[in-house]
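All chains, please: the whole structure from these sequences, using the hints.
Same order as they appear, the protein sequences are chains L and Y.
Read in numbering that gives the first Met the number 0, the first sequence has 38 at position 39, and its numbers run on one by one without any break.
Read in numbering that gives the first Met the number 0, the second sequence has 42 at position 43, and its numbers run on one by one without any break.
One or more hints might be untrue.
[What the hints assert, rightly or not] Lysine to any residue pairs mimicking SDA-like chemistry, simulated, CA-CA at most 25 Å apart: (1) L:LYS119 / Y:ILE179; (2) L:LYS119 / Y:GLU167; (3) L:LYS161 / Y:LYS161; (4) L:LYS106 / Y:MET163; (5) L:LYS98 / Y:SER181; (6) L:LYS81 / Y:LEU80; (7) L:LYS98 / Y:PRO169; (8) Y:LYS119 / L:TYR155; (9) L:LYS123 / Y:GLN153; (10) Y:LYS74 / Y:MET163; (11) L:LYS161 / Y:LEU80; (12) Y:LYS53 / Y:LYS74; (13) L:LYS74 / Y:ALA139; (14) Y:LYS119 / L:SER172; (15) L:LYS78 / L:LYS161; (16) L:LYS123 / Y:ALA195; (17) L:LYS106 / Y:LYS161.
Read the hints as simulated data drawn from the structure, not as lab findings.
Protein chains: 2
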Amino acid sequence: MKRDDILNGALLIGLDNLTMKNLAEHLKVGTATLYQYFENRETLLMEAAEYSIKLLPFPDYRGQGWQEMALEYTKNVQKILKQHPSFIHSHPVTDYGYKIHFTLTEKILTDLVSCGLDAKQAIKVAHIITMASYGGAVEAIRQERLPLNGANIQSYISSQFKEMDSDEFPILSENIEDFILSAEDKTDFLLRIALANIQNEFEE
Amino acid sequence: MKRDDILNGALLIGLDNLTMKNLAEHLKVGTATLYQYFENRETLLMEAAEYSIKLLPFPDYRGQGWQEMALEYTKNVQKILKQHPSFIHSHPVTDYGYKIHFTLTEKILTDLVSCGLDAKQAIKVAHIITMASYGGAVEAIRQERLPLNGANIQSYISSQFKEMDSDEFPILSENIEDFILSAEDKTDFLLRIALANIQNEFEE
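Written out as structure tokens, the structure is:
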């Protein structure tokens with residue numbers, strides 16, 4: 000049993016549901032073994048949370064522009080939130096301590112500064128990344144619940160709309176194709192619009 | 000017993016948890032009484048969902064500009080999502096039919112067109128309203144879970160940050176005041192940035 004095995008086990012169970020008992024059962028050891036490595040549940044949670052950051056598939060700086068970097072971060076954060084919807088409501092900040100939150104933020108800011116932004120600009124872009132990731136994750140989760148049965152989102156929602164009385168929806172009737180966007184396209188659209196303006200602001 | 004009493008009762012219980020049995024118990028009537036008004040649970044759910052739209056505190060057109068209208072809508076949708084976090088994950092579209100979704104969208108589009116946008120512009124702004132509302136609601140829910148004990152969000156997070164080793168967070172250390180924004184300010188910021196750019200696009 001290595002320290003990393005315990006941390007990986009904790010992440011597999013999910014930090015929200017973690018107890019020393021269910022983790023020990025999962026790893027087929029006694030709880031005493033866990034306490035050899037970690038003083039208590041809180042210490043383990045905290046370390047597992049920090050460890051999880053290292054596992055995140057975050058972009059690296061490889062010469063891309065800050066807009067591209069922001070887009071990559073947003074897609075990654077959105078993907079994680081979509082895979083773990085409980086992260087949207089739960090608050091790792093209160094549950095596992097603040098360090099994970101600040102560590103992640105500092106990493107994003109550092110990468111944006113590598114791309115040529117100053118610190119204050121990077122903070123503005125980080126806020127946009129956060130909000131667009133949240134919005135995109137919610138939209139993705141909602142769209143995933145649609146019973147598409149293999150259809151794409153456009154043809155599925157269009158077919159739903161055809162069942163409505165079009166007189167009740169004059170604007171939508173004329174523009175339904177423009178209205179239906181995948182979660183990914185909505186996120187890209189928001190990010191493109193927001194970052195284009197912030198770029199103008201930075202250049203002034 | 001009036002039809003509206005049943006619908007109000009249904010909304011009070013919450014549509015996600017609604018059964019004919021628990022609604023009848025709540026209203027202190029027999030389920031047979033409910034079936035006098037509504038053929039089945041699905042019909043009741045659908046009508047209650049449409050009825051709920053009428054109760055929403057949405058802005059009216061009173062001569063304001065489209066940016067102001069968009070801000071009012073975003074704040075209202077965000078507020079509803081914050082009060083009913085289950086709306087964020089649940090999907091009224093699948094559960095209560097599509098009509099509520101299209102009705103709400105048509106209302107937003109109609110109001111934006113009243114403010115002077117054309118239909119295609121209004122659809123772009125509606126997407127921004129949706130995404131900003133989702134992002135803002137998630138941020139608000141997360142911030143609400145912080146144990147502020149009467150402190151504001153700035154002083155609370157600053158005090159958490161003071162406990163960190165500042166050498167590990169060089170960018171945040173220098174800019175922590177800029178980094179901490181209330182959920183409301185983050186939403187306003189995103190909306191302002193996104194709408195300012197879209198306005199430029201519309202004027203071109």
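Checked hints:
no.	hint	result
1	L:LYS119 / Y:ILE179	holds, 12 Å
2	L:LYS119 / Y:GLU167	holds, 18 Å
3	L:LYS161 / Y:LYS161	violated, 57 Å
4	L:LYS106 / Y:MET163	holds, 15 Å
5	L:LYS98 / Y:SER181	holds, 19 Å
6	L:LYS81 / Y:LEU80	holds, 18 Å
7	L:LYS98 / Y:PRO169	holds, 14 Å
8	Y:LYS119 / L:TYR155	holds, 21 Å
9	L:LYS123 / Y:GLN153	holds, 16 Å
10	Y:LYS74 / Y:MET163	violated, 34 Å
11	L:LYS161 / Y:LEU80	violated, 28 Å
12	Y:LYS53 / Y:LYS74	holds, 17 Å
13	L:LYS74 / Y:ALA139	holds, 21 Å
14	Y:LYS119 / L:SER172	holds, 12 Å
15	L:LYS78 / L:LYS161	violated, 32 Å
16	L:LYS123 / Y:ALA195	holds, 15 Å
17	L:LYS106 / Y:LYS161	holds, 18 Å
When each numbered hint is compared with the structure, violations occur for hints 3, 10, 11 and 15.
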